[in-house]
Amino acid sequence: MNTVVLLKRVPDLVEDLEVDSSGTALDSEHLKLTLNEFDDHALEQALLLKEGGGGEVTAVALDSEDVDKMLFTALAKGADRALKITGTGAVNGTSELAEVFAQALGSVNYDLVLTGVQASDDIDGQLAPTVAAKLSVPCIEVITGVEAGDGSVTVHKEYAGGVLAEFEMTLPGVLGIQAAAQSPRYAPVSKVRQIQDSATLDEVAGAGGDNGKFSIVVMTPPETGEGAQMLESVEELIAVLDSKGVI
Amino acid sequence: MTERYNLTVNTGREKDQSFVEKESAVIEGIDVSGRWNRMFVPREIQDYDLTNMHKLTAIPGAESMGWCYQCAQCMPACPVDTAGGDYGPRKIFRRLELGMDLLDSRDLWLCTTCANCLRVCPKEVDMIKIMPVARAAAVLEGNVPAELLEMFQNVAEYGNPMGQSARKRAAWIRKSDAEIRVLPKDPGPVDVLWFVGDFYAYHGRGVDAANAMARVFNALDVDFGVLGADERTDGDSQRLAGEPGLYEELAEHNIEQFKQHEHERIVVSGPHAYNAIKNEYPAMGGEFEVEHYTQFLADQIDELKPLLTGSFGNRKVTFHDPCYLGRHNGEYDAPRDLLEAVPDLDLIEMYRCKEQGYCCGGGGGGMWLDGFAAEQQSERLSENRVKEAVMVGADVLAVCCPYEVSRFEDAVKSTNNDGKLEVLDIIEILDQCMGA
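Protein sequences appear in the order of chains A and B.
Heads up, the first sequence is in numbering that gives the first Met the number 0, so the first residue is 0 and it goes up one at a time.
Heads up, the second sequence is in numbering that gives the first Met the number 0, so the first residue is 0 and it goes up one at a time.
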């Protein structure tokens, strides 16, 4: 089974995020990008599938700051191929990103596509289903376990309230990974450096991207509220509601 | 003619003892035929499967593990065994004979590379060389305790083990009341390039010591500068914990920074930085004059003494020798000279001091294996040490390694000695007695 993992770099929250003077973007001066942690789990799950039943793992990412090191790290962990999508220009939002990924997958032989269920800049988790829609393949999200079958995968999907469901999905298809069966592995630096000297990254010219349909109108930090008032009793609650003229 | 026999003797083992006899033999006229010339064939008393022993000793740097002849001198010297860890070089050797794979064993991660075993070992079984290479092999196999992995990941990503923003390494400087020159912003030659280190820059109690250091430098008119956010972890603990690639990356970065700023010497806050820059960076192309801060200040004791106008209130102070300043680098006097210069300070020694100093448990990566090690031992090494400090009647446990303040403060609490023993960095003691 050949698996493709879509990797995305997101702002590292170890730095304080600030909005720049345009009011529509993050201030890039101290912005540091890092691999989306759910994508790291998607990569781990792909590597586990490969170790369990063979096949190839391809890591795909959009060209961005430090993306080479991230892709070499994926190779050091055990991915067979790394594909960098170049020359796309600005990609605004998940919908455009999904378009770019779907176009790039046209040149890749895959059975299964894995990506993180969400990211710090996509907490509604739309990347996996949008990519699947553009590829016209099925998609299941919030996955915590994947087992390879014959032309299909059996997956565990997590629902709110601790409910779990088991699905069988016919391949090809897309999965949004919540957590791999084990913590993402560590790539020793000596191994990454060795790979950096010996391996090459494949490149594909990006298509899609800025389609003009989306633009950021305003970006602001959440407004600070006035602070909550803690009520100790029902009587206090009634008094407050009464004073507001609600009852 | 020589006959070969098998003699059935009750050895409790399956194999019989073999011997040879000449049926007729005469030596110098004396008939020694038959049993009189009997020679026993060497009996195999060890029929272990040594595959795992050989796998380990085949790793370059780990050869000396096979030299152990089990004299057990290392056992009372090993701080981990003393803390109930059922551990030590002799035990590792014996377990290897019995088939243990060290690369897949808890025994790989308990050694703090304190070098107390090497001090007494007649065969020079060198755990300080064995552990890093064996651990590196395990790390390549992905066989590492999770706590340690998190540290590796943090250092690889941010250049510090805390996983803090690399940029915030200089944050303490902006809040400091001392005058500190940050070389990347204010370049130019300095006498001293002060390598501040992770704990002094990021840890709350470390920042206290960093401020104390800056104030003492100011009082002594030291011409010094720091690298600010351009500094990275020195890499010594990462190397000892089995991540040589990460160590090299850090060393290359720091060496490049050291070369960018003209200085006469590097002064470091911590023994691990001292060890790395003094003994390891030269192999990476970085030859620098380096001193631990206690050495740098002890050299200026005549200028320092008149500044120490305050009183330490006749408190009893005992000093914990850091393994990587003491045993590894032979410096026992400089920290004591500084403490003896403090007015009204009563310096007392613990039983295990100087060459025989007990390890705090933080070396060799132990700082990031605290939970792992604590589960394997009946107590933490830091707890064992704190009890000794209390036992000798100390009011203050003085340290000069940035790992130790937090380790020992935690140990003071976990051994119910809160309020009985204060843990202070020597630089904090000096700063307190400068009578500002």
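Please keep in mind that the hints were generated in silico from the structure rather than gathered at the bench.
Incorrect hints may appear among the rest.
[To be verified] Which chain A residues stay away from chain B? Per the calculated CB distances, all over 12 Å, these: (1) E28; (2) L134; (3) V245.
[Claimed, not checked] Derived pair list, reagent style DSSO-like, types lysine-lysine, alpha-carbon separation capped at 30 Å: (4) K68(A) - K412(B); (5) K167(B) - K190(A); (6) K68(A) - K167(B); (7) K190(A) - K277(B); (8) K258(B) - K31(A); (9) K184(B) - K31(A); (10) K386(B) - K412(B); (11) K174(B) - K31(A); (12) K83(A) - K133(A); (13) K190(A) - K49(A); (14) K243(A) - K31(A); (15) K167(B) - K31(A); (16) K190(A) - K128(B); (17) K190(A) - K54(B); (18) K68(A) - K419(B); (19) K49(A) - K54(B); (20) K122(B) - K90(B); (21) K133(A) - K49(A); (22) K190(A) - K258(B); (23) K304(B) - K419(B).
[Unchecked claim] Here are a few chain B residues that face chain A, going by a calculated C-beta distance under 7 Å: (24) V138; (25) L139; (26) P144; (27) M161; (28) S164; (29) P243; (30) G244; (31) L245; (32) E248; (33) F287.
Glycine residues also receive a C-beta, built at the ideal position from the N, C-alpha and C atoms.
Here is how each hint holds up against the structure:
no., hint, result
1, E28, "violated (10 Å)"
2, L134, "holds (32 Å)"
3, V245, "holds (46 Å)"
4, K68(A) - K412(B), "violated (43 Å)"
5, K167(B) - K190(A), "holds (29 Å)"
6, K68(A) - K167(B), "holds (23 Å)"
7, K190(A) - K277(B), "holds (27 Å)"
8, K258(B) - K31(A), "holds (26 Å)"
9, K184(B) - K31(A), "holds (21 Å)"
10, K386(B) - K412(B), "holds (11 Å)"
11, K174(B) - K31(A), "holds (24 Å)"
12, K83(A) - K133(A), "holds (20 Å)"
13, K190(A) - K49(A), "holds (19 Å)"
14, K243(A) - K31(A), "violated (47 Å)"
15, K167(B) - K31(A), "holds (13 Å)"
16, K190(A) - K128(B), "holds (21 Å)"
17, K190(A) - K54(B), "holds (21 Å)"
18, K68(A) - K419(B), "violated (51 Å)"
19, K49(A) - K54(B), "holds (28 Å)"
20, K122(B) - K90(B), "holds (15 Å)"
21, K133(A) - K49(A), "holds (26 Å)"
22, K190(A) - K258(B), "holds (27 Å)"
23, K304(B) - K419(B), "holds (29 Å)"
24, V138, "holds (5 Å)"
25, L139, "holds (6 Å)"
26, P144, "violated (11 Å)"
27, M161, "violated (10 Å)"
28, S164, "holds (5 Å)"
29, P243, "holds (6 Å)"
30, G244, "holds (3 Å)"
31, L245, "holds (4 Å)"
32, E248, "holds (6 Å)"
33, F287, "violated (23 Å)"
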